[in-house]
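Asker: In order, the protein sequences belong to chains H and L.
Residue numbers are given in the UniProt record's numbering: position 193 of the first sequence equals residue 193, and the series is strictly consecutive.
Residue numbers are given in the UniProt record's numbering: position 94 of the second sequence equals residue 94, and the series is strictly consecutive.
The reader is advised that the hints may include incorrect statements.
Just so you know, same-sequence chains aren't split out, so a pair can sit in one copy or run between any two.
Keeping only pairs whose Cα atoms sit at most 27 Å apart, straight-line, the calculated DSSO-like set for lysine-lysine is [as the list claims (entries may be wrong)]:
1) 36 to 90
2) 128 to 321
3) 170 to 235
4) 293 to 90
5) 3 to 204
6) 291 to 90
7) 293 to 170
I should point out that these hints are in silico values taken from the structure, not numbers from a laboratory.
Note that the coordinates shown come from a computational prediction; the quantities given were computed from them, not determined experimentally.
There are 2 protein chains.
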Amino acid sequence: MKKVAIGIDIGGTNTVIGVVDQEGSVLAKGNIPTGKHMDVNLYLDDMQAEINRVLDFINEEIEVMGIGLGAPNGNYYSGAIEFAPNLNWKGRVELVNLLKERFEYPIITLTNDANAAAIGEMIYGEAKEMKNFIMITLGTGLGSGIVVNGEMVYGHDGFAGELGHVRVEKNGRECGCGRRGCLETYCSATGLVNTVYELIGTSKLPSVLREKVHQGEVTSKMVFDAATDGDELAKEAFRYTAEKLGTALADFMTFSSPEAFILFGGLANAGDLLLKPTYEYMEENMLSCFKGKVKLIQSGLPGADAAVLGSSSLVWQELNKEVLA
Amino acid sequence: MKKVAIGIDIGGTNTVIGVVDQEGSVLAKGNIPTGKHMDVNLYLDDMQAEINRVLDFINEEIEVMGIGLGAPNGNYYSGAIEFAPNLNWKGRVELVNLLKERFEYPIITLTNDANAAAIGEMIYGEAKEMKNFIMITLGTGLGSGIVVNGEMVYGHDGFAGELGHVRVEKNGRECGCGRRGCLETYCSATGLVNTVYELIGTSKLPSVLREKVHQGEVTSKMVFDAATDGDELAKEAFRYTAEKLGTALADFMTFSSPEAFILFGGLANAGDLLLKPTYEYMEENMLSCFKGKVKLIQSGLPGADAAVLGSSSLVWQELNKEVLA
Numbered sequence: 001m002k003k004v005a006i007g008i009d010i011g012g013t014n015t016v017i018g019v020v021d022q023e024g025s026v027l028a029k030g031n032i033p034t035g036k037h038m039d040v041n042l043y044l045d046d047m048q049a050e051i052n053r054v055l056d057f058i059n060e061e062i063e064v065m066g067i068g069l070g071a072p073n074g075n076y077y078s079g080a081i082e083f084a085p086n087l088n089w090k091g092r093v094e095l096v097n098l099l100k101e102r103f104e105y106p107i108i109t110l111t112n113d114a115n116a117a118a119i120g121e122m123i124y125g126e127a128k129e130m131k132n133f134i135m136i137t138l139g140t141g142l143g144s145g146i147v148v149n150g151e152m153v154y155g156h157d158g159f160a161g162e163l164g165h166v167r168v169e170k171n172g173r174e175c176g177c178g179r180r181g182c183l184e185t186y187c188s189a190t191g192l193v194n195t196v197y198e199l200i201g202t203s204k205l206p207s208v209l210r211e212k213v214h215q216g217e218v219t220s221k222m223v224f225d226a227a228t229d230g231d232e233l234a235k236e237a238f239r240y241t242a243e244k245l246g247t248a249l250a251d252f253m254t255f256s257s258p259e260a261f262i263l264f265g266g267l268a269n270a271g272d273l274l275l276k277p278t279y280e281y282m283e284e285n286m287l288s289c290f291k292g293k294v295k296l297i298q299s300g301l302p303g304a305d306a307a308v309l310g311s312s313s314l315v316w317q318e319l320n321k322e323v324l325a
Numbered sequence: 001m002k003k004v005a006i007g008i009d010i011g012g013t014n015t016v017i018g019v020v021d022q023e024g025s026v027l028a029k030g031n032i033p034t035g036k037h038m039d040v041n042l043y044l045d046d047m048q049a050e051i052n053r054v055l056d057f058i059n060e061e062i063e064v065m066g067i068g069l070g071a072p073n074g075n076y077y078s079g080a081i082e083f084a085p086n087l088n089w090k091g092r093v094e095l096v097n098l099l100k101e102r103f104e105y106p107i108i109t110l111t112n113d114a115n116a117a118a119i120g121e122m123i124y125g126e127a128k129e130m131k132n133f134i135m136i137t138l139g140t141g142l143g144s145g146i147v148v149n150g151e152m153v154y155g156h157d158g159f160a161g162e163l164g165h166v167r168v169e170k171n172g173r174e175c176g177c178g179r180r181g182c183l184e185t186y187c188s189a190t191g192l193v194n195t196v197y198e199l200i201g202t203s204k205l206p207s208v209l210r211e212k213v214h215q216g217e218v219t220s221k222m223v224f225d226a227a228t229d230g231d232e233l234a235k236e237a238f239r240y241t242a243e244k245l246g247t248a249l250a251d252f253m254t255f256s257s258p259e260a261f262i263l264f265g266g267l268a269n270a271g272d273l274l275l276k277p278t279y280e281y282m283e284e285n286m287l288s289c290f291k292g293k294v295k296l297i298q299s300g301l302p303g304a305d306a307a308v309l310g311s312s313s314l315v316w317q318e319l320n321k322e323v324l325a
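With the sequences and hints as input, model every part of the structure.
Answerer: In structure tokens:
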């Protein structure tokens with residue numbers, strides 16, 4: 001009987017559900033909208049139905065070991081989603097407890113999406129042999145999952161790893177958190193687009209994006225495409241993003257001296273356009289005892305399934321802990 | 001038979017040796033000069049003689065479990081002091097290996113002074129019940145020892161916890177590391193004194209320190225005494241130090257979300273003069289999910305013996321690991 005884990009990635013728009021084996025193969029996948037119901041129980045009705053539908057797809061004999069969930073503001077210790085600004089449900093949602101009423105699986109566990117990505121990288125990806133690394137997720141915001149001595153860093157309250165809110169610029173850009181100059185206001189899909197707006201205003205660099213802003217929303221994908229085509233302003237936007245990110249990574253190094261920083265998420269898919277200059281700025285700004293020591297790599301989790309793989313990996317991680325305990 | 005550990009604190013000027021029991025009582029103590037010999041073997045001859053002399057002092061039956069050493073740039077993994085700028089011996093000094101040739105104790109282990117302080121705090125001090133905290137040592141520079149999930153954070157190379165070299169000011173003060181704006185250029189005994197010099201130049205604040213600078217070296221103790229007496233400039237120097245430190249601690253919180261920051265070392269002895277405003281700046285700058293959660297306290301290790309206690313605690317820490325393994 002094949003052991004499998006159910007991985008659930010709760011995003012602002014969609015919730016993706018996947019059944020994953022220990023090697024990281026996705027056996028079946030489905031999804032439901034996240035924002036349809038204001039009542040979390042109706043949402044969980046949908047989720048339960050979809051899980052059963054997805055499991056029915058699988059033709060081989062399986063043993064479901066548990067459910068791993070990744071969600072914005074998901075707290076590993078409490079098993080609750082706590083005050084997530086981009087989800088319908090306000091306050092605390094006791095997700096793990098609510099799911100335990102519906103499923104009898106030995107493990108039902110939750111963390112935030114960036115931590116799930118980090119664990120996914122340890123179980124299936126680039127960090128299989130690493131005991132110390134930092135996952136940086138570059139999506140709408142900047143998330144991070146920190147691994148020290150082979151263990152996830154949750155901190156005393158479950159909220160560790162909020163590196164997107166390290167302030168890198170005094171009186172810098174306004175952040176959704178109410179403060180200014182947070183790293184994620186520069187280094188994220190949103191940050192990149194805002195850098196384009198800023199450069200349109202402050203520079204004379206020629207750009208196809210100067211027209212695009214009048215035709216509707218500018219996306220980070222547009223900036224990437226323009227930069228790839230040699231657009232001066234788009235290239236400068238990437239350089240600026242890399243400068244902010246590389247400089248910050250150099251300082252993060254002083255904390256846990258990881259073996260690697262692993263970039264994940266939409267903006268990380270820009271590849272060398274972002275990675276190469278980020279590495280250069282990081283090395284230039286590094287304390288000398290750390291120079292030339294740390295790798296900067298792209299996530300090894302396959303793009304489309306990365307989030308579900310990350311969530312499912314929580315189950316194997318918990319099983320490993322039980323074996324060790 | 002009483003189990004004891006030998007703690008050795010290697011400072012730039014003096015090396016202090018203490019024999020400590022599991023409760024943190026120092027049974028006997030001695031010291032040798034650190035800088036007398038350029039040849040490390042002659043230094044170790046002195047150390048060996050002094051260890052034997054100190055052990056002879058003890059009247060009860062003891063079993064020596066090992067030697068724990070704290071030294072600037074001491075690397076836990078390699079057991080070597082690596083390129084310490086303030087010590088005579090250049091390059092790498094294979095301290096643990098050299099001592100193993102001289103002593104048969106089951107444990108001989110080394111780390112840097114800030115990590116030793118953190119372990120001391122876990123074994124004997126304020127952090128006995130804590131699994132997540134950050135020790136900040138405010139001496140000539142700013143050192144740090146980070147504990148996550150009950151374990152010391154060494155990173156993949158043994159150099160983690162260099163928070164004194166997080167840059168907090170763009171184009172800020174020149175640092176010994178060759179970069180600018182590092183936290184320790186502001187928040188350390190040296191940093192405080194430099195703030196006084198800066199304030200003498202940039203402000204009209206009245207101060208007894210304006211005279212003192214012409215009479216010889218200004219020390220952090222003089223600044224403390226002046227501030228305690230209500231000296232305007234000295235008080236402003238402490239406020240400025242607290243602003244820099246509190247703001248930095250708020251950002252450090254996003255990393256490992258510790259239960260407490262514990263301040264240690266000369267400047268920490270300023271007590272509320274530093275702690276109170278630092279706490280206020282920290283809370284003011286904190287990401288909202290961390291507000292009101294973290295303690296800021298002074299080390300619980302008794303001042304005169306703190307460093308030796310820290311070093312000795314390495315031995316108990318290693319023994320604990322062996323029991324768990």
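Asker: Determine for every hint whether it applies to the structure shown.
Answerer: Each hint, compared with the structure:
no., hint, in the structure
1, 36 to 90, "within (14 Å within a copy, 66 Å between copies)"
2, 128 to 321, "both (16 Å within a copy, 24 Å between copies)"
3, 170 to 235, "both (25 Å within a copy, 24 Å between copies)"
4, 293 to 90, "between (43 Å within a copy, 21 Å between copies)"
5, 3 to 204, "neither (59 Å within a copy, 73 Å between copies)"
6, 291 to 90, "between (45 Å within a copy, 19 Å between copies)"
7, 293 to 170, "between (29 Å within a copy, 24 Å between copies)"
In summary, the structure is inconsistent with hint 5 from the numbered list given earlier, while agreeing with all the others.
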